[in-house]
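Q: Here the protein sequences come in this chain order: A and B. So in my numbering the end of the first sequence lands on 356, straight run, no missing numbers. So in my numbering the end of the second sequence lands on 86, straight run, no missing numbers.
A hint or two may mislead.
DMTMM-like mimics (lysine to aspartate or glutamate), calculated; alpha carbons at most 25 angstroms apart, straight line [what the hints assert, rightly or not]:
(1) A:K18 with B:E81
(2) A:K208 with B:E46
(3) B:K23 with B:D50
(4) B:K79 with A:E196
(5) A:K327 with B:E81
(6) B:K23 with B:E81
Hints listed in this document are in silico derivations from the structure and should not be mistaken for laboratory results.
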Amino acid sequence: MTALAIKWSRRNPWGFLGVSAVLWWSLYQLLAPAAEALVAALPVTSESALSHALQFFFYDTPKVLLLLTGVVFAMGMVNSYFTPERTRALLAGRHEGVANVLAASLGVVTPFCSCSAVPLFIGFVQAGVPLGVTFSFLIAAPMVNEVALTLLLGLFGWKIAVLYLGLGLTVAIAAGWLIGRLRMESHLEDWVRDLPKASAEFAAEALTLGDRIELGLQGVREIVGKVWPYIIVGIAVGAGIHGYVPQEAMASLMGRDAWWAVPLAVVIGVPLYTNAAGVIPIVQALLAKGAALGTVLAFMMSVIALSLPEMIILRKVLKLRLIATFAGIVAVGILLVGYVFNAVL
Amino acid sequence: MKDIKVLGTGCANCKNTVALIEQVAQTKGVAVTVHKVEDPRDIASYGVLRTPGVVIDGQVVHAGGVPGREKVEQWFAA
């Protein structure tokens, strides 16, 4: 099917985009009535716990998957303008401060996979991107990504999604700036420090609209193809919580009065890296049952931004002290986000 | 005989890339040697920022993500 779509998009890219957008929008409008009709057709009593759970599952699963497909496709096209090579050229030789802001923002729109973290890190440092600026990029890129933002948009609404975007960028900018101030260049592995300087120049590929559409479709196949099982399981668990866990059950455990809830959320969040897509629907259900927003945000950020596997990969280029500093600063930033929100809201 | 190197620190995408290249080479009847390059030092020496990267006879031909089948077929159409 993708092969057919690619062929069509090559011949008539604008037509393809137009028809896809209309189709997507119509499907989206159909979701709520379809879910209602489906649950009504099932032999369950309406207004029962089971019916609430089913309603949540049958509405939110297709909604999130559809949103994700649309956003990942659009981001795949946007990403094709912001290759890591171009980002590196934009950042090389800049002074810290403004460059941290730029790096974190570019982190959102530059395609990034944690398995590329090491070559990317080396490439940035080699081209003269300051260490702290490199970290701003490296923190923002995985934390503020389109999958997390889409799930937040679909399940929490746009306010929380924007909040997460703003806070994620703030943590990345501040943590990178601080790491730059600490002058930790000597804590790079020796061979990385001794690498010959490389030029940040690059030859941009000339892409047509058809090429960018193909990259968008490729992104959908790769990303949506990978995360959909997590999302389904996550929403199923979330649906169970919605239907069966009593109201306010989470208030004492994860409510704003429990001071230890924020650090605990961060500690639990770190090893949970790969399940980011599945964690957000569960967290949304917990929020509905009285968990505090700051605690929930801190949990999501630590799941997504601080991952054990990524730190193990980064150990190949960073000495332990720099990794510990990086993790420590980001963790403190996330804790602050959690506490501030619990205090304010 | 084409000498092919797949650059990557060992993620699933790198393994898929190796498998895809071997499969396409076999169906096209092209003799190849495929090596994986996992040491970050060696990957850096090719100047690749995104993995998996593909190097054929010393030339970087691809970086970032599993290459499309069509792209791989083009490498062997000579």
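Q: Now look at each hint and say whether the structure bears it out.
A: Hint-by-hint comparison with the structure:
1. A:K18 with B:E81: holds, 17 angstroms
2. A:K208 with B:E46: holds, 22 angstroms
3. B:K23 with B:D50: Given pair K23 (chain B), D50 (chain B) holds - Cα atoms ~18 angstroms apart, limit 25 angstroms.
4. B:K79 with A:E196: violated, 40 angstroms
5. A:K327 with B:E81: violated, 34 angstroms
6. B:K23 with B:E81: holds, 18 angstroms
When the structure is compared with the earlier hints, violations turn up for hints 4 and 5 and for no others.
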